[in-house]
Amino acid sequence: MKSRFVKISTRIKVLSAVAGIVLAGAGAYAATNWVVGVSAGSSGQSQSATISNLSITAVSSPSPTNLLYPGGTGDVVVTISNPNPYPVTITAVQLPTNTTYATGYTTSALTTTQTGCLAATPSAVAWNFATGTSGSSHTLTTPLTVGASGQANNPLAVTLTNDASMGSTSPSACANTFFSLPALTGVTATGGAATSTTTPATDAWTS
Amino acid sequence: MLGSLAIAPAVDAASNWVVHVASTNSGEAKATVLPAAPASPAAACTSPASNKTIKVTWTAVTHATTYTVYQSTTSATGTYTSVATGVTTTSWTSGTTAGNYWFKVAALIGTTWTSPESAATTENTISASSCAAN
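Same order as they appear, the protein sequences are chains A and B. Okay, so the first sequence: first residue is 14 according to the working numbering, each after it adds one. Okay, so the second sequence: first residue is 546 according to the working numbering, each after it adds one.
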């Protein structure tokens, strides 16, 4: 099995296949691991590989430099974990709609919600550059490569500069509040050999 | 095993993978605090004094979109009422109605983030023919 996986991994590197990474949402996608088809390209054949989910989670460190205010933008801090035995390079993200709002919390632990500043209030905090259509794609200024499992720069901490926005109608209860941004609808990535991005990193999408 | 294992939910092109991200939230952001009261409010008669108006000035507040000016006609500690809203600059000029005036200013970010009112300005008096500081 190991030699088989090595073979697969090698082929992945040779193909430098592009991976579209979709967030969990539907119950049918609840499994941790996924088996996906990998085309052999010009050979017209396909090869299987076991690919585990990436994890993108909210973290409080490093602290965001740019803080949100009504009518303004702020930084979003995330960590990305890659359980796969090869690096994964993320090149773009797909966002929920611009009316899919974040919930406010009293502390960076994101455990106690902030009264008067919930997603349904609404908080008016959303991903910057999101549109009225779910799934709009936004290219990162610099691709992010998460190291292979057990290797350096995995997990990868990333500050997404000014990639959250706060509408001018955000209630005053949202002042000095921490936000858990809504789940991305997708991530586009490339699997295979690459030099990992040094953690902590700074990146952004700007349109 | 050769051959397609078309288990992936939506392969986007002939040779692409589709995998999942195990996550229910995707990032953390923080909001700044409510704005502080405008600093250094001041009121002075415009020149010439026969204009019979008072110009109120204050220091800009970071991210403020508008300011509200309040006035009292009784004392520095009296009751203040709003006389100007939506002021987008850091000054405002009064009307010419005779009386004694003190002013305060508050900053607004967006539509709901309001600062406390500033300290009161010194007193200025508009008379029938001129304006003077007291």
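Since the hints were made in silico from the structure, they are not lab data. Here a beta-carbon is modelled for each residue, glycine too, at the ideal position from N, C-alpha and C. Hints may be right or wrong, so weigh each one.
[Stated by the list, open to error] Partial list, computed: chain B residues near chain A (C-beta under 8 Å): (1) Gly572; (2) Glu573; (3) Ala574; (4) Ala605; (5) His608; (6) Val632; (7) Thr633.
[To be verified] To spell it out: a stretch of chain B is covered by chain A in this simulated footprint if at least three of its residues, at any positions, have a beta carbon under 8 Å from a beta carbon of chain A; those stretches are: (8) 621–627; (9) 668–678.
[What the hints assert, rightly or not] Residues of chain A clear of chain B, computed beta-carbon distances all greater than 10 Å: (10) Thr104; (11) Asn111; (12) Thr146; (13) Gly180; (14) Ala188; (15) Ser220.
Each hint tested on the structure:
{"no.": "1", "hint": "Gly572", "verdict": "4 Å, holds"}
{"no.": "2", "hint": "Glu573", "verdict": "4 Å, holds"}
{"no.": "3", "hint": "Ala574", "verdict": "4 Å, holds"}
{"no.": "4", "hint": "Ala605", "verdict": "14 Å, violated"}
{"no.": "5", "hint": "His608", "verdict": "5 Å, holds"}
{"no.": "6", "hint": "Val632", "verdict": "17 Å, violated"}
{"no.": "7", "hint": "Thr633", "verdict": "13 Å, violated"}
{"no.": "8", "hint": "621–627", "verdict": "violated (count 0)"}
{"no.": "9", "hint": "668–678", "verdict": "violated (count 0)"}
{"no.": "10", "hint": "Thr104", "verdict": "12 Å, holds"}
{"no.": "11", "hint": "Asn111", "verdict": "15 Å, holds"}
{"no.": "12", "hint": "Thr146", "verdict": "17 Å, holds"}
{"no.": "13", "hint": "Gly180", "verdict": "8 Å, violated"}
{"no.": "14", "hint": "Ala188", "verdict": "4 Å, violated"}
{"no.": "15", "hint": "Ser220", "verdict": "18 Å, holds"}
Consistency note: the structure conflicts with the earlier hints numbered 4, 6, 7, 8, 9, 13, 14.
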